[in-house]
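Colleague: Residue numbers (this note's numbering), protein chains in the order written: chain C, 1 to 658; chain B, 1001 to 1318.
These are computed hints drawn from the structure, not numbers from a lab.
Everything numeric in this text was worked out from a predicted model, so none of it was measured.
Hints may be right or wrong, so weigh each one.
For each label pair, taking beta carbons as the anchor points, the in silico distance ranges come out as [unchecked claim]:
#	chain 1	residue 1	chain 2	residue 2	range
1	C	484	B	1185	26 to 36 Å
2	B	1185	C	344	37 to 47 Å
3	B	1247	C	603	37 to 47 Å
4	C	337	B	1238	56 to 66 Å
5	C	654	B	1035	16 to 26 Å
Ideal Cβ placement from N, Cα and C applies to all residues, glycine included.
Each chain is listed here by its residues.
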Amino acid sequence: MMRTYAGHSTAAKSNALYRGNLAKGQTGLSVAFDLPTQTGYDADHELARGEVGKVGVPIAHKGAMAELMDGIPLDTMNTSMTINATAAWLLALYIVVAEEQGIDPKVLQGTTQNDIIKEFLARGTYAFPPEPSMRLIADMVAYTVTEVPRWNPINICSYHLQEAGATPVQEIAYALCNAIAVLDAVRLKLPVESEASDQSLMGTVFSRISFFVNAGVRFIEEHAKMRAMGDLWEQIGRERYGVQDPKHLRFRYGVQVNSLGLTESQPENNVQRIVLETLGVTLGRDARARAIQLPAWNEALGLPRPWDQQWSLRIQQILAFETDLLEYPDIFEGSKVMEGLVEELSAGARSEMAIVEEHGGAVEAVAYMKTALVDSHRQRISRIESGDLVVVGQNAFRESEPSPLAAGEDGGIMTVEQGLEDEAKLALEQWRAARDQSAVDDALAEVRRVAATTENIMPATLAAARAGATTGEWAQALRDTFGEYRAPTGVGEAGAGSRTGAVELEELRDEVARVGEALGRRIKILVGKPGLDGHSNGAEQIAVRARDVGMEVVYEGIRLTPSQIVTSALQEGVHVIGLSILSGSHRELIPLVIEGLSDAGVDAPVVLGGIIPEADAGPLLQAGVAAVYTPKDFDLTRIMRDIVALVAQRNGVGAAGV
Amino acid sequence: MSVTGEELAQRLREGDLSAAPAVLNLVESTAPAQRPEIDALLEGVSPAALGGEAAAHVVGITGPPGGGKSSLLSELIGHWRTQGRTVAVLAVDPSSKRSGGALLGDRARIVVDPADRGVLVRSSAAGGRLGGLAPATRAAAHALAAAFDIVVIETVGVGQSETEVAEVADTVVVVVQPGSGDVLQFLKSGIMEIPDVLVVTKADLGPPALRSRRDLNAALRSLGERNTRVVAVSSISPAQGFDELIAALDAHREGLDIATRRLSARRASALADFAAEHGERGLRALGGRRAALKLLDDQDVSYDVPALTRALEAAATA
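If we strip away everything but chain C, and leave its shape as in the complex, we get (with noise of 0.2 Å):
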């Protein structure tokens, strides 16, 4: 199956951007909605600021989501909705706008991502506490697999794992034992007489667990690594759940390909890298891929423009008709090479599940396993600074023609219109104007009700679904009841300093030292997230630095608002901030931000990182932000060497020349 990952602005903009994509050949359509929906805010909430629209679709209620699949046959059409802590909600409202179109939600095909360690883990896009989220999504896996049976509830998503720096042996061995957390509690909500009675349910939902996996461009370890996973996922089939069917032991896969190492400079490389991310996926028949969708080549400079997906499915429609890739039996059958490769990974894997599994599962081990990321990106980065790790265009063979491609008016990205959010504010206005507030009111309170027992959720999210409720009054319902929740972030246990560069640290480690004791106190500074994008990989490590060369370092995590970010640098007496974002809010936080901070009286300064598009930057400057990083700054300790200056010259103490 072909399709590209799409969905911004409105639910009418991207209804019109699917059946243009449907009409070009994507045979699937790939749902992008935008954080406040994946985290269950309205579009007039305070977190939802500058979020609106950006990277996906706002689906608020049931009429959003009956506009944005407005003429496409949901009957015939295969859905896969990147939805995670919300998922049980935009599930219902798909069934409802099929229901009122009067098609069987038995015959809605589809996938719900659905999978809530990963988020914790790498994705940020978390609502509720861990437990009550694994509730929520067995409650629904045992909902849809007698209710909607062609759908997949769940796709366990090693994808972010690779995204946050796995390595091959942690993408596999952190997924498949989030599949066995899953699968534990689903077992334990089946129906008890068939349970006892006969396997095949348990069968069923095993068969119905498909998996959502990155593929790096080291192709052939990557190749490896899907039939390791294979592999291991029979085993742990027939194993663990005694599942005897070899179609259901059957291990199923989507492919998004690699944007960890995808680069802003000379992008134009990242299509081959693609190419070559997309073969490890293929190549051999016994471990392909079931759907594949590719990013496109200008992802790290900002959002893509339809034109730029248009030539990531082209590549695959290539690969699928012009060459004879899928013309033979599994190539690397009888390799030695191949056979080996897969054995060190599984054995690799089995080991590293065997920790997870003494620390009580994959829910008890997130903490064990963020940090066992942060650390693995931390090493890979350190590779990348000292070279060992070569990146064509950014740490090597990096003079360059200027490039045509980022040339044009737009910078070669695509740029979101304004005034979305009050747009939607609005609209969310007239909808609940229009609606029946106390069958609302009633079918909330029932949500609540149900969330405080051990009945399934699907029900009560149906009917509040029905009855026209939000998204965030459902998650707010819930949140009521479970309660909110702050991920561990994994950096306080992350190993110190790199051997590499031990010079350059220690240099730095100096002035650090010199600056410290010239302003009285050690440089402390404020890192965290503003807005609603968890993509925590870069403060993390931004954190990670800052504190292997001296400074105090208060970390403050993903999804902060101004006002708390004012608060807590008014309150640390911090020397610097640092924040990070990645969705595109950039232009309505950051200002934000600094006024919040003159207001407070705070003259700390700020530095910027993250997906920051070059047109973007002048006027952030302008704003008053002292320096903007972007994805091709992948030298850390330069970063960290100019803040340090940047303190030091704020605050009179002079910048001896490191």
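Given chain C, put chain B in place with the hints provided.
Modeller: Only chain B this time, still in chain C's reference frame:
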């Protein structure tokens, strides 16, 4: 930094909580030029200046990492705020010995309303000692106690590490999670000083928390210790046990001879300040730690920390 220690002390005495960040910046400063300002600040919040001991309740909260301290604190702060009490939290994290740098992670875990001016959370680094205080924690606690209703000092550790916290807090709380036997063993073996309140977290787990509470109570009884309260709490919604915990804290504070406790806190602070400044050599000049404590005991009870430190310095150079 144009604000003087005297001005800051006055703002604190007037209950101006917005002075707190500047107060903390000042007491943390190691710049020699700031030394007189810090002294002026501490003199300005001494019992002599306040007309008695500061009314705040200084609560030390300590326990092993991962035991649920931060969730407990978030919930506790919420309860105190509902009662209208203002809260300052001094969160002390261990720091890396190698780089001197530190990741102060607690702020991310303690959930407070950023718009609430009645709560302050300040993180600091202990300088590599698990459970120890940061150099300025004592001075910070003395100063903030003049303006806030509650001053919490949070440290990480278990075993002997709560001694430092005990020197400065009115009430020491040790937080343990069910099933972790360390605290029980340390209590029984006498490695650990007996805390004023023991909190067992994760009461939502039911039996394991109840069992832990029972074991701790049994251990305390066998040590002949009947005043230490053991409270089980759950920070998971719906939170449980917090009314009981607050009642236990308040009861302990009310039963204290606060003048004696604060006096010994000031003497311990002076000794710590002296040791930080003059090291082992300085202590030897005084005839050792015990002799120094004896010397402090002989000082006038009205002396504030700077005066006590000066007394030690005078004796060392005499």
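Colleague: Name the hints, by number, that the structure is in violation of.
Modeller: Violated hints: none at all, because every hint is consistent with the structure.
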